[in-house]
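Asks: Single-letter residue listing:
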Amino acid sequence: MASLGELERAVMDLLWAGQEAATANKLRDLLAQDSAAANGIAGHQGKDLAVTTVLTVLSRLEKKGLVERERGTRPHRYQAVSSRADHTADLMHEALGSAPDREAVLARFIGSVSESEAATLRKLLGKN
Amino acid sequence: MFWTSYFLAVLALVLAWPVPVLLSRAEWPARAPFMAMVLWQAIALAGGLSMIGAMLVYGLEPIGDNLIAGLRSLTGMVLHNEPTTALGFWHLFALSAAALLSAHLVFTLLLTYVKIERQRRRHRELLALLASPSDDGPGTVVINHDSPVAYCLPGGARSVTVLSDGLMAALEPAELRAVLIHENAHLSQRHDLLLWAFAAWRQALPWFPTTRLAQVAVNSLIEMLADDVALRTESKGTLIKAIAIVASGSARPAERVSLPGTSAPDSSSEGGTLSGTGGADSPRTTASRVSRLLSPKPPLSAALRALVLAASAMLLAVPTGLLIVPGLLG
Chain A
1 MASLGELERA
11 VMDLLWAGQE
21 AATANKLRDL
31 LAQDSAAANG
41 IAGHQGKDLA
51 VTTVLTVLSR
61 LEKKGLVERE
71 RGTRPHRYQA
81 VSSRADHTAD
91 LMHEALGSAP
101 DREAVLARFI
111 GSVSESEAAT
121 LRKLLGKN
Chain B
129 MFWTSYFLAV
139 LALVLAWPVP
149 VLLSRAEWPA
159 RAPFMAMVLW
169 QAIALAGGLS
179 MIGAMLVYGL
189 EPIGDNLIAG
199 LRSLTGMVLH
209 NEPTTALGFW
219 HLFALSAAAL
229 LSAHLVFTLL
239 LTYVKIERQR
249 RRHRELLALL
259 ASPSDDGPGT
269 VVINHDSPVA
279 YCLPGGARSV
289 TVLSDGLMAA
299 LEPAELRAVL
309 IHENAHLSQR
319 HDLLLWAFAA
329 WRQALPWFPT
339 TRLAQVAVNS
349 LIEMLADDVA
359 LRTESKGTLI
369 KAIAIVASGS
379 ARPAERVSLP
389 GTSAPDSSSE
399 GGTLSGTGGA
409 DSPRTTASRV
419 SRLLSPKPPL
429 SAALRALVLA
439 ASAMLLAVPT
449 GLLIVPGLLG
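Those protein sequence lines, which keep their order, are chains A and B. Sequential numbering from 1 applies to the first sequence in the working numbering. Sequential numbering from 129 applies to the second sequence in the working numbering.
Rather than coming from a laboratory, the hints here were simulated on the basis of the structure. Quick reminder that beta carbons are idealized off the backbone N, C-alpha and C, glycines included. Be aware that a few hints might be false.
[Said to hold, decoys possible] Once the Cα atoms are required to be at most 35 Å apart in a straight line, the calculated DSBU-like pairs of lysine-lysine come out as: (1) B:369 with A:123; (2) A:64 with B:243; (3) A:123 with B:243.
[Claimed, not checked] Ranges between beta-carbon positions, derived for each pair: (4) B:416 with A:72: 40 to 50 Å; (5) A:79 with B:302: 41 to 51 Å; (6) B:154 with A:34: 56 to 66 Å; (7) A:116 with B:316: 32 to 42 Å; (8) A:71 with B:266: 16 to 26 Å; (9) A:4 with B:266: 33 to 43 Å; (10) B:361 with A:71: 36 to 46 Å; (11) A:34 with B:437: 57 to 67 Å; (12) A:34 with B:156: 20 to 30 Å.
Based on the provided sequences and hints, a complete structural model is requested.
Replies: See below:
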């Protein structure tokens, strides 16, 4: 496990895959298992990963608004704010939406297309 | 001095309305997109300059023979608290308006930059978690989505081109290459800077026809420029087919807002949950791009290109000269 970015990704993958909220300890164990499985060396990489590192990653993700923690229990249990599919839909919404204030954020291959325009293009495509 | 302010005011008006309307209706920009882009930038800059300049020159008229002398006297009045009795109500009004407009333009430019950067950072953060790297080289990632989608997210060294699974499945390798070259052209030609400047220009003065027309024109011109880069290595048929496939796959029947919590990973109405039909502002970019590729007109002749360039240079030189030269001579 190298960068915080990779860890963030691994933690989110676990939270998205899991059904219920998990503690940092649980997540650390799962990450250790994963990396052990990936490396074929039982527990070797996992030992390097401290719970505090997982907590750092979780607080970064919390700041980004991606995970939330249940404050009632101790130790805190963390879960994803919304599903992977919802986040993907958000991204695509941003990529395809055409609100004027968003037009400068990214450059699309195809801008917004009306249904009639698309029909014309489909016809064109059929001819080729 | 007096005539200068009238002339600049007339120039500002002409550049705010008739000129952009005519230019947006002209057909030659499709034959020389780069020149048209230069001209739009000159119109925007000269328009802003003459607007502010006209008010400044009018307001300073009683206290200086030229802009520089006038500004010097004004600075003296402000710094040494001298009486401003030489300035009438309308002079003060014009000076305040000039100061407010300048501040407004600069502030909007910065605010737009911050907003765009914030959205890009957020988008990049999510991509880092959701997208996987692609075989098409560094800076290209693939996202798990059924609609054919391709876009680039500018950000200097962290620029990234995003392709969807749906796109990879729908396109042949050559078509995919055309899409990637097109998107890389946006990044390498720094189209993000143009999009930013003209988005800010429109945000700052939304009620001016010129700002809306300019933004629509610039959006369409950058697509033509990127298409031209793709055409250097890929065939016209390939590019047209890529455009047609992506466009027909990403059309949305009507505006529908995605409801949180209802989207399934592979919902069949995926396209329907993505809102945004563009409304009245939606540039008819795709249609004009395809017709430009299908029935190409010869590029503008060298003489006409030179003429457009000269006109752009004049647009910038005239207001700048009127504002500065009298002060340097006198």
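Asks: Among all the numbered hints in the text so far, which are the ones the structure does not match?
Replies: 3, 4, 8, 9, 10, 12
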